[in-house]
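Since chain X is already given, all that's left is putting chain E on it; use the hints.
Chains as they are written, first to last, in numbering that gives the first Met the number 0: chain X, 0 to 518; chain E, 0 to 322.
Read the hints as simulated data drawn from the structure, not as lab findings.
Among these hints, one or two may not hold up.
Straight-line C-alpha distance at most 35 Å; calculated DSBU-like pairs for lysine-lysine [claimed, not checked]:
| id | chain 1 | residue 1 | chain 2 | residue 2 |
| --- | --- | --- | --- | --- |
| 1 | E | 96 | X | 484 |
| 2 | X | 410 | X | 327 |
| 3 | X | 194 | E | 96 |
| 4 | X | 194 | X | 395 |
| 5 | E | 96 | X | 502 |
| 6 | X | 493 | E | 96 |
| 7 | X | 374 | X | 395 |
| 8 | X | 327 | X | 395 |
| 9 | X | 374 | X | 327 |
Now the in silico label distances, taken between C-beta atoms and shown as ranges [as the list claims (entries may be wrong)]:
| id | chain 1 | residue 1 | chain 2 | residue 2 | range |
| --- | --- | --- | --- | --- | --- |
| 10 | X | 103 | E | 299 | 30 to 38 Å |
| 11 | E | 169 | X | 61 | 49 to 57 Å |
| 12 | E | 171 | X | 19 | 34 to 42 Å |
| 13 | E | 51 | X | 501 | 37 to 45 Å |
| 14 | X | 19 | E | 311 | 35 to 43 Å |
For each residue, glycine too, the CB sits at the ideal point set by N, CA and C.
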Amino acid sequence: MSSVPRHLTLRQSVALVWRTLRSMRTALALLFLLALGSVVGSLVPQIPNSPDRVARFQADHPLLGRFYQHAGFFDVFGSWWFVLIMALLLVSLVACLVPRTRASIRNVRQKPLHAREIDAFPQYAERTVRAEVPEAIATSQRVLRRRMFRVSRAEDALAADKGALRELGSLVFHWALLLLLIGSVYGKGTGFTGKALVVEGESWTDGAANYDGTIRAGRFFDGDFTGVGLTLHSFEATYRANGTPMDFVSHVDLLDPGGTVARSADVRVNHPAVFGGLRFFQFGFGYAPVIEIREGDRLLYAGPVPFAHQAPPEGVPELALPWDGIVKVPSVTPGLGIQLTLWPDSGAFLQFQQTGEPVPMLRADHPILFFTTWKGPLVDPSPRSLDTSVMQEGRKGALGEGQTCSLSTTKCWGPGEGTPEADELTISFPSIRQYSIFQVSRDRGVPIVLLAAILVLLGLLPALYTSRRKVWVRAEPNGEGTVLKVGGFALQRKPQFEEEFTKLIAEIERATTERIGAS
Amino acid sequence: MTSLQWARISNDTFNAAIFAYLPAMLASFAYLAYRRRPLLLVARVAAVAGLGAHLVSIVTRGLAAGHVPWGTMFEYSSLLAFLVVLAALVLVEGVYKVTTITGFAIAFSVLTMAIAATTRINTPAAPLVPALDSYWIKIHVVAAILGSSLFALGGGVLTILYLVKDGRERRETAALAAESPAPILGASLDLSDPPHFAPGADEAVGSLAQSSRRRGILPPSAVIDRMAYRTIAFAFPIWTFAVIAGAIWAQQSWGRYWGWDPKETWSFITWVIYAGYLHARATSGWRGRGAAVIALVGFASLLVTYYVVNLWIVGLHTYAGTG
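Isolated chain X, as found in the complex (with noise of 0.2 Å):
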């Protein structure tokens, strides 16, 4: 133990770092805490999986969520200590790949080298053959050529080896992963994922205001947003017999900068559109029916509102649940929220109240808007969430597709019947339309950690399924015949390479009878 000095000088103590991140322990205990580092993040909840799931666990375990925030265990592979490991593996391989990669570059150039005592092999066998020394130690040439070996000769001899593709793909293996690792944090780096939410016959641009809720972009995003757009023609979703869904699309028209029709497109479930260098992809879908408040004759509010889905108790089918949406009128005095309900088929909800049993509504059929109306300041200056907590609560009501309704007096009439006084409060529905959530994303590192992924798979073949042999071949002269010596070993599947060295010595043996026979 005495070979250790007590005080090291700055250059050991480097030395000795990079010898430990060298070590195959190192990187084995590293590829351990990765995993352990894993298992943390696929038991916690986490922040950008699942931020709703987060925020409950926080108020259900104030203490336990306090130190999981400040160990990163809500963002384990964003934490700083999962990037420490992640770095110190990629030093740890690249520490071990640059030499390993020079060995390999000079063991591919240099010749096989010559042994002196082939008898010391594990492998090894003695023939005498009737032939010249030069000639048999051309044949075996030749037969080790046939073989696939890399053969250097000497006068008397021959060195020769095989699978150096072993050494290549473990090689391509690793370098493989640093690339798919700087594929994907370039990519992600650069590149940013959002929501876009667009009603029926409406179109969206791709703009940093444009977006439905918070973009999630890389460290390096620059804000360079393209301006390509999209309008929605319709939305359609189709579900079999027994409620569980079958299809959902979006046929939309894609949109250049400067809102030109450059193609059209049906985005639907693992079907994206491509287009600007964004992927569209089907998100979600939802109604949004069009709203109208006046006061008498003036229009105060028009427009379609996407309602959102309530969250479904246990056992319940989503699609049985109502759907919620907000419409604030800031222009009444002293300011005036509605709260919605939606219940996409009037049918199913009658047949809800009789039985209680919640019946899934899987298309729109006399749609049935329930209302509630409060007045006060408008606090909340989100469109889709209404703080009632200093607002009064006034009328409740429900209207149908088409219909008005008076806010005062919730009475309603159809289209084109009642008059309502001039200074009265009326909310119409005249229709009902559907929305659909696009997911947008930019990853330009796609195509980088696909062609790593390919290397990965191709690298990771002939790494594990060939083996390094070598096998050397001296002739002595032995009165009218030569002695042939040849020795051999494998480095790896060496029962196999027993079998090889078998049939290799009686090609070889079998070579140079034939050349004898023949001349």
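Just chain E now, kept in the frame of chain X:
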């Protein structure tokens, strides 16, 4: 025939397969204990009959559901069990000529099938949800099943047998060393070898001289170890391919090739552990028991990837059909 009739045939042949595997397993264990050739013959005939019935069950399940028969967890389990028995017969008995350990592989398969049949994994045949309706299900899932069945055989069944046998051999060697004062133990051979003759990563460890001294009930640990390594080395690229194919599919249907979804995370963990195993085989001090323990951890991780992630962890891969 109607979907319902196909489903009934599928169920019946599934049960028939279990009832053929059971005697195959028992006969195989009996052969292990008594070494009577007829027992081996009975085991093989029963196992092949079981495979036949099982194949019919898988095909008719596909006909009943109207899609490839690996869309739900039940179908995946069934195919996995089928492949483990098949691999045991083809690889272990056919390639490695080891006849004594097929019973353990069959036991694993019967257990897998029993779990699938008696828990909430068992769901009736149904059409695929849109997210799964892609040709990638043929590529990604087939590779995943193939890889996991080989991992189960190599990293699970064979590795456990290796550890058992290796432990026994160690005890015998220790007992022998206690009897005679200075035997030349096989283990010391390694040290006298010049370094470049050191066994390669795929070479068996443990000394053949030591294990052939006594025949024992199982094959020598060195033989089991080599089979386990080969099976895992066979599975690893297939698993790698399954993960890559999954990433390509995820890119197509979810817009990102990797998102640390629980299933992705756990298949990655399994991959990392088996990568560690392959490296450990090439590292002195880790060969043998050390590597075997890693392989076993990998097997545990595989079980988590399959059972725990599918049944208890919420993620995008919630296709078990058990909801």
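Hints broken by the structure, by number, lowest first? 3
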